[in-house]
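**Q** Take a look at the letters that make up each chain.
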Amino acid sequence: MTYEQYAISGVLAVALVGFIWGRWRYDIVAFVCLIAAVFLGVVPSVNAFSGFGHPATITVVAILILSRALSNSGAVEHLSKILAPAAGTPATHIGAMSLVATPLSAIMNNIGALSLLMPVAIQSAIKAARSPAAVLMPLSFASILGGLITLIGTPPNIIVANYRGTVSDSAFGMFAFTPVGGVIAIVGVAFIALIGWRLIPKARLKFSEEKELFKIDDYVAEITIGEDSPLVGHSIHDLHDAATEDDVKIFGLVREGTRGYMRERYLPLRAGDRLVVEAPPAALTSYVKKNELELTGTASDGTDDLEGENTVLVEAVIPPRSALSGRTPRLAGLTGRAGLHLLGISRQGRPIRDRLYQVQFRPGDILLLHGDEEHVHRSIGDLGCLPLAPRKLGSDPGRKASIVIAAFVAAIALSIADIAPLPISFSAAAAVVVLTNIVPVREVYDAIDWPVVVLLGAMMPIGGALETTGVTDLITNGIVALSGSLGPVAIMTIILVITMTLSDIMNNAATAVVAAPIAYGTALQLGVNPDAFLMAVAVGASCAFLTPIGHQNNTLIMGPGGYQFGDYWRVGLPLEIIIVAVAVPMILIVWPL
Amino acid sequence: MFDFTPVGAAVAVAGVLFITLIGWRLIPRRLLADAPTRNLFKIDDYVAEGLVQETSVACGKAIGEIDAISDQHDAVLIGLLRGGLRIFVSARHQLVQPGDLVIVEGGAQEIADFMRALGLELTTADEDIQSMLRGSDYVLSEAVVAPRSSMIGQTLLSLRLTGRYGINLLAISRRGERLRERIGNERLRIGDILLFQGDSERLSQVVPALGCLPLGEKRVGTGSKRAGFLAFAIFAAALVVASIGVVPFELALAGGALAIVLSNIVPAREMYDSVDWAIVVLLGAMIPVGLAIETTGTGALIASAILGATDGGSPILALTVLMIVTMIMTDIMSNAATALVAGPIAFSLGQALGVNPDAFLMAVAIGASSAFLTPIGHQNNALIMGPGGYRFGDYWRMGLPLKVLVVIVSVPLLAIVWPM
Numbered sequence: 001m002t003y004e005q006y007a008i009s010g011v012l013a014v015a016l017v018g019f020i021w022g023r024w025r026y027d028i029v030a031f032v033c034l035i036a037a038v039f040l041g042v043v044p045s046v047n048a049f050s051g052f053g054h055p056a057t058i059t060v061v062a063i064l065i066l067s068r069a070l071s072n073s074g075a076v077e078h079l080s081k082i083l084a085p086a087a088g089t090p091a092t093h094i095g096a097m098s099l100v101a102t103p104l105s106a107i108m109n110n111i112g113a114l115s116l117l118m119p120v121a122i123q124s125a126i127k128a129a130r131s132p133a134a135v136l137m138p139l140s141f142a143s144i145l146g147g148l149i150t151l152i153g154t155p156p157n158i159i160v161a162n163y164r165g166t167v168s169d170s171a172f173g174m175f176a177f178t179p180v181g182g183v184i185a186i187v188g189v190a191f192i193a194l195i196g197w198r199l200i201p202k203a204r205l206k207f208s209e210e211k212e213l214f215k216i217d218d219y220v221a222e223i224t225i226g227e228d229s230p231l232v233g234h235s236i237h238d239l240h241d242a243a244t245e246d247d248v249k250i251f252g253l254v255r256e257g258t259r260g261y262m263r264e265r266y267l268p269l270r271a272g273d274r275l276v277v278e279a280p281p282a283a284l285t286s287y288v289k290k291n292e293l294e295l296t297g298t299a300s301d302g303t304d305d306l307e308g309e310n311t312v313l314v315e316a317v318i319p320p321r322s323a324l325s326g327r328t329p330r331l332a333g334l335t336g337r338a339g340l341h342l343l344g345i346s347r348q349g350r351p352i353r354d355r356l357y358q359v360q361f362r363p364g365d366i367l368l369l370h371g372d373e374e375h376v377h378r379s380i381g382d383l384g385c386l387p388l389a390p391r392k393l394g395s396d397p398g399r400k401a402s403i404v405i406a407a408f409v410a411a412i413a414l415s416i417a418d419i420a421p422l423p424i425s426f427s428a429a430a431a432v433v434v435l436t437n438i439v440p441v442r443e444v445y446d447a448i449d450w451p452v453v454v455l456l457g458a459m460m461p462i463g464g465a466l467e468t469t470g471v472t473d474l475i476t477n478g479i480v481a482l483s484g485s486l487g488p489v490a491i492m493t494i495i496l497v498i499t500m501t502l503s504d505i506m507n508n509a510a511t512a513v514v515a516a517p518i519a520y521g522t523a524l525q526l527g528v529n530p531d532a533f534l535m536a537v538a539v540g541a542s543c544a545f546l547t548p549i550g551h552q553n554n555t556l557i558m559g560p561g562g563y564q565f566g567d568y569w570r571v572g573l574p575l576e577i578i579i580v581a582v583a584v585p586m587i588l589i590v591w592p593l
Numbered sequence: 001m002f003d004f005t006p007v008g009a010a011v012a013v014a015g016v017l018f019i020t021l022i023g024w025r026l027i028p029r030r031l032l033a034d035a036p037t038r039n040l041f042k043i044d045d046y047v048a049e050g051l052v053q054e055t056s057v058a059c060g061k062a063i064g065e066i067d068a069i070s071d072q073h074d075a076v077l078i079g080l081l082r083g084g085l086r087i088f089v090s091a092r093h094q095l096v097q098p099g100d101l102v103i104v105e106g107g108a109q110e111i112a113d114f115m116r117a118l119g120l121e122l123t124t125a126d127e128d129i130q131s132m133l134r135g136s137d138y139v140l141s142e143a144v145v146a147p148r149s150s151m152i153g154q155t156l157l158s159l160r161l162t163g164r165y166g167i168n169l170l171a172i173s174r175r176g177e178r179l180r181e182r183i184g185n186e187r188l189r190i191g192d193i194l195l196f197q198g199d200s201e202r203l204s205q206v207v208p209a210l211g212c213l214p215l216g217e218k219r220v221g222t223g224s225k226r227a228g229f230l231a232f233a234i235f236a237a238a239l240v241v242a243s244i245g246v247v248p249f250e251l252a253l254a255g256g257a258l259a260i261v262l263s264n265i266v267p268a269r270e271m272y273d274s275v276d277w278a279i280v281v282l283l284g285a286m287i288p289v290g291l292a293i294e295t296t297g298t299g300a301l302i303a304s305a306i307l308g309a310t311d312g313g314s315p316i317l318a319l320t321v322l323m324i325v326t327m328i329m330t331d332i333m334s335n336a337a338t339a340l341v342a343g344p345i346a347f348s349l350g351q352a353l354g355v356n357p358d359a360f361l362m363a364v365a366i367g368a369s370s371a372f373l374t375p376i377g378h379q380n381n382a383l384i385m386g387p388g389g390y391r392f393g394d395y396w397r398m399g400l401p402l403k404v405l406v407v408i409v410s411v412p413l414l415a416i417v418w419p420m
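If you read the protein sequences in the order shown, they are chains A and B.
The opening position of the first sequence corresponds to residue 1 in the working numbering, with each subsequent residue numbered one higher.
The opening position of the second sequence corresponds to residue 1 in the working numbering, with each subsequent residue numbered one higher.
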């Protein structure tokens, strides 16, 4: 091996370890590796940032903006409402949800499709007295499977298609993935709806009314302020910090029979006022004793008590890579917002009650928020959380939806008719949805998943360097030599399985960038059709069903479904086996070796 | 890295000297003559109290409703006084009782209409109000809307500051004029000055988070000294590495940015918020356009037009014309876009004249950065418009002489430092 080969192999090894370790976010790992590769002299400095303008990167950005437009249009909720009556049996319920989720994620990003449908799925499940856990994992898997169907369905497909464009006459087209991906998606969804959901642990499938809501009754109490209480004369606002220290949350005031929440923060308290508080029993007792208060009793009507004229309780989930993760409620500004109270956090199905304000948020946590209806919903949006109840639809979803769909169709038509290449036509469509204000200008850059963009921008030159230094050849030689007498079909299957396994533990786009050149080289060495091998990489890189960390969608449903880390492989492993069993013959039929 | 320094520094020194010695005198008298304590929001003149009586329409209404009614009458509800206690508009569900004093701000006619609509008895403003407005925990704060604020283009009604952040926005001032009409529906613009009212601690958090720059004297420092020093050291190191030419410029800066993130001075979760994506996309989109100007021969065409206009005169004349053209362009479009478009023209010009194009490229760099004629030419000019009380036409008075000076200083220097 030459110096260059050692250097780029080292960079790649560091990147893989960094991705799997997960200590730093993958875009930072990738960018460190890119800079290192440039300083080591294996990526020429003129090419260092070429990945950021790469057609694949631009296509991903355009699709993210179009996905936001689709989500803003409100068309999806409308569509899923029509299918709501199908919730009779789990199989039809999952089938109906998948019928929307799978085609939707074929044209938009997977997590966008899931976020739109998750609230609908949860509500319809509770209405059908079914645990949301029975529906959410199937929904997540169905949306991942949908990504396999078209070129724009997932970043791995875009990367593989573009890679083919650089090494042979033309890139894969919009629907080149459809024959293989479509069949896999149909078989996969059928398996999930009929058998797969039964493999979810029984404990998660059991429906109980209370489990679906935080049990807050036990914790809400009314305390009356005595004549001698040191609290007299202070406002709730003044008391807030000290009470939070004591693990007591004051969120209401009852004076002369009238009840108010939040807005009375600045009124000085008087003897005889009653405070509505929420606290664990021990904290409550000590707080009452310390401040000479009188426990008037736990509020008998629990949650109803909190849902006043304008106030609501809303659950919201923290999506992967939210700005909230790693922050405490105080840092996130949740303590300082008028009209919004954090009442509880639920992590993996278990409520967190004590020392709530010191908990660090994690993706997948569910927050229970209380406050004025409109403010709560706005704040959830500001914080980048997803509410678990469906949104109210904006006015006139029809007009917006038709513009978005027209933009999509026009972009696809332009690229199929070879008038404009894919990145150009989809960028133009993205510009249309911005100009028509479906994605307002101030929202445009929020719609883009920048870590993925930087990951792609940084990994492209590294992938290129793997080829130019001949490391790809070394690896393919190794694969061919190791596989010895195995036929090309067996080798393709191995590549598919390895890619699948890699994408379960690291980002799927990074997997595709590294695996595509290796698959291509191996096919050339074996003297068979490289397209089949590239398809195997595309399928493998998009399939991450074994863990909650392999795909953002699986992370997102973890909290709302109350799943554990070990729940995923029970459904995911059989599904991955079925995908391999379907993918290999389908690839051989559609892309003969 | 420092190729720009000889000419750039000379222009900067000359320019600053001009501004401090002569330039400021060119600012219109009306702005200079104003008292130093010029108060944009003269609250005392427009504040009135209304007493709620048993028979008042206001009786039994929630403060939120009263606030909505005050909006209809173009008045601003500031709060209530009940038995000496202050109740703020943020207590929206609090009901108004007989004996309450409703404090409202606005024009005389608006206040009268408001009082009539609610059946309030007008009383005079007194010390109570001042104390309410300037109480210890509820303070007034002025802030200017900065160019990248998320508030730009939004209305007060859509922002719902009271509900979301517990602060009130009492008034807007634009270009030195207090907005009087329906401020609730007014779309905010860069440079607007906003008068906030709220808890001082909350204001200090919320106002910067909204993308506003506080105008008060109080500055809350963020970040530790260590982080500041480290950031400075990393920046300096990146610049040094870049300037000695060991590694390309962009790579050194990218490495510096990476070091800032890895040392957690800018946490990974915040790193993409600190990028001005609008500029990134502008550059990304304009670079190929600039290239097309060159490849299609348009650059050469414009270059020959400039040559024709200068009648085959000396390269110095062409250089001067190029710089002036660039300066005019940059006043109406962003300076980055100007540089991208004018760059290829400068290069073609140099080639057409058969001289070293470096001087022409430098002329573009200087010209593109000299946007002094209008508030729209540069974000900085837009930002000071509100706080300074300037009008659109105030900029050229000082800007035009300054531009002339820049041309006079830089053209001979360019010819010396970058011989043609």
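These are calculated hints, taken from the structure and not from any lab test.
On a predicted model such as this, the values are computed, not experimentally measured, just so you know.
Careful: at least some of the hints might be erroneous.
In the SDA-like style, the derived pairs of lysine to any residue whose C-alpha atoms are separated by at most 25 Å in a straight line are [what the hints assert, rightly or not]:
1) 202/A x 574/A
2) 225/B x 248/B
3) 225/B x 268/A
4) 202/A x 373/A
5) 61/B x 83/A
6) 127/A x 92/A
7) 61/B x 267/A
8) 61/B x 206/A
9) 289/A x 328/A
10) 61/B x 113/B
11) 225/B x 186/B
12) 61/B x 235/A
13) 61/B x 119/B
14) 61/B x 373/A
15) 289/A x 206/A
16) 81/A x 405/A
17) 289/A x 267/A
18) 206/A x 405/A
Incomplete in silico selection of chain B near chain A, CB under 10 Å [to be verified]:
19) 85
20) 87
21) 146
22) 147
23) 153
24) 199
25) 226
26) 272
On the chain B side, residues computed to face chain A include the following (Cβ under 10 Å) [claimed, not checked]:
27) 23
28) 24
29) 27
30) 28
31) 30
32) 92
33) 93
34) 98
35) 152
36) 155
37) 243
38) 247
39) 251
40) 267
Each residue gets a CB set at the ideal place from its N, CA and C atoms; glycine is no exception.
**Q** It remains to establish, for every hint, whether it holds in the given structure.
**A** To see whether the hints hold, each was checked on the structure:
1. 202/A x 574/A: With a Cα-Cα distance of about 17 Å, the restraint between residue 202/A and residue 574/A holds, given a limit of 25 Å.
2. 225/B x 248/B: 30 Å, violated
3. 225/B x 268/A: Status violated; Cα separation ~40 Å.
4. 202/A x 373/A: Status violated; Cα separation ~35 Å.
5. 61/B x 83/A: Violated, at about 44 Å.
6. 127/A x 92/A: Holds, because 15 Å separates the two Cα atoms, which is no more than 25 Å.
7. 61/B x 267/A: 18 Å, holds
8. 61/B x 206/A: 48 Å, violated
9. 289/A x 328/A: 28 Å, violated
10. 61/B x 113/B: This hinted pair holds, its Cα atoms lying about 18 Å apart.
11. 225/B x 186/B: With a Cα-Cα distance of about 41 Å, the restraint between residue 225/B and residue 186/B is violated, given a limit of 25 Å.
12. 61/B x 235/A: 23 Å, holds
13. 61/B x 119/B: 12 Å, holds
14. 61/B x 373/A: The given pair, whose Cα atoms are some 20 Å apart, holds under the 25 Å limit.
15. 289/A x 206/A: 41 Å, violated
16. 81/A x 405/A: 19 Å, holds
17. 289/A x 267/A: 23 Å, holds
18. 206/A x 405/A: 39 Å, violated
19. 85: 7 Å, holds
20. 87: 7 Å, holds
21. 146: Since chain A brings no Cβ nearer than about 14 Å to residue 146/B, farther than 10 Å, the hint is violated.
22. 147: 13 Å, violated
23. 153: At 7 Å from the nearest chain A Cβ, residue 153/B passes the 10 Å test, so the hint holds.
24. 199: Hint on residue 199/B: holds, closest Cβ of chain A at ~8 Å, below 10 Å.
25. 226: 20 Å, violated
26. 272: At about 4 Å, which falls below the 10 Å cut-off, the nearest Cβ of chain A leaves the hint on residue 272/B intact, so it holds.
27. 23: Result: violated, 36 Å to nearest chain A Cβ.
28. 24: 36 Å, violated
29. 27: 34 Å, violated
30. 28: Check failed: Cβ of residue 28/B comes no nearer than 34 Å to chain A, outside 10 Å.
31. 30: 35 Å, violated
32. 92: 5 Å, holds
33. 93: 5 Å, holds
34. 98: Residue 98/B check fails; min Cβ-Cβ to chain A is 15 Å, beyond 10 Å.
35. 152: 8 Å, holds
36. 155: Status violated, d = 13 Å.
37. 243: 16 Å, violated
38. 247: 7 Å, holds
39. 251: Holds: closest Cβ of chain A sits about 5 Å from residue 251/B, inside 10 Å.
40. 267: 8 Å, holds
In summary, the numbered hints that this structure violates are 2, 3, 4, 5, 8, 9, 11, 15, 18, 21, 22, 25, 27, 28, 29, 30, 31, 34, 36, 37.
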